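S.K.: Sequence:
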Amino acid sequence: MTCLHIALKEWSTAIDAIEVSKTILLFRKGGIHEPRPGFQVQLGATLLFPTFSHQSSACLKPEWARLASSSQSVRLKLWAEVTDWFILRDPGLIPTLSPFHVWTDAFLEQRLAWKPERPLYVVLCRFYQLRPALPLPDLPQSGGCRSWLNLEPPITVEATVPLVSEANYRRQCLRIQRLMQSGVDQVLSGSDPPLEKCD
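All letters in the sequence shown, in the order written, are residues 1 to 199 by the numbering used here.
A portion of the hints provided could be inaccurate.
[Claimed, not checked] Calculated lysine-lysine pairs in the DSS-like style (CA-CA distance at most 30 Å, straight line):
id: 1; residue 1: 115; residue 2: 29
id: 2; residue 1: 61; residue 2: 29
id: 3; residue 1: 115; residue 2: 61
id: 4; residue 1: 22; residue 2: 61
Don't read these hints as lab results, they were simulated from the structure.
Fair warning: this is a prediction, and the values are worked out from it, not measured in the lab.
Kindly produce the complete structure, drawing on both the sequences and the hints.
M.R.: Here it is, written out as C-alpha cells:
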C-alpha cells in the first residue's frame with residue numbers, strides 16, 4: 001500500500017499513449033503559473049493527473065495518437081516513480097530520445113524554443129498502472145498552468161502493475177544517459193527512496 005501526496009499534471013491523451021506504449025520519459029518547462037523559481041523536478045512517487053488544457057493529439061506520434069482516448073470522462077490510471085532527470089538545450093539531440101517517449105520531434109522542438117531562458121527538463125519515470133483506475137478527485141488548485149498538485153488528503157494506492165520491469169527500466173535509463181552524454185547540461189539521479197506507507 002502506497003500513499004501519493006503529489007500529482008503531476010499531464011495531457012489525458014498523453015497518459016493514454018504512455019499506458020499503451022510503455023515509454024519512460026516526460027518533458028517539462030513548466031507553465032506560466034509555476035511558483036518561483038519555476039518548474040522543479042520532484043524525485044519519488046507522483047500521481048499522473050489528467051488534464052485537457054492545451055492538449056493536442058497532433059503533438060503525439062501518429063501510432064500513439066490513434067490509440068489515445070478522445071473521451072473527457074477520465075479516471076486516474078497511472079502513477080510514476082521519478083528517478084532521474086536532466087536538462088536539454090540542444091535541439092539536435094531531440095531525435096536520439098525518440099524511442100523513449102510518445103511526442104513528436106516537432107512538438108519537442110517547439111517546447112525547447114518557447115521561452116529559451118527556461119530549461120527543458122527531461123524526466124525519467126517508471127510508470128505503474130492503477131488497478132482498478134480511481135475516480136478523478138476534485139482539486140480546487142488543478143486549474144491554471146502549473147505542473148504540480150498537492151493531494152490533500154493523499155491518495156492510497158493498493159494494487160499497481162509496472163508497465164516495464166525494473167531491469168528493463170534500468171537498461172533504458174542507462175541507454176538514455178549514454179546517448180545524451182555529450183549534450184546534457186545536468187543529470188541528477190534519485191536514490192530510489194522507499195515509497196511511503198499509509199497508516
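S.K.: Find the hints from earlier in the document that the structure breaks and name them by number, from lowest to highest.
M.R.: none
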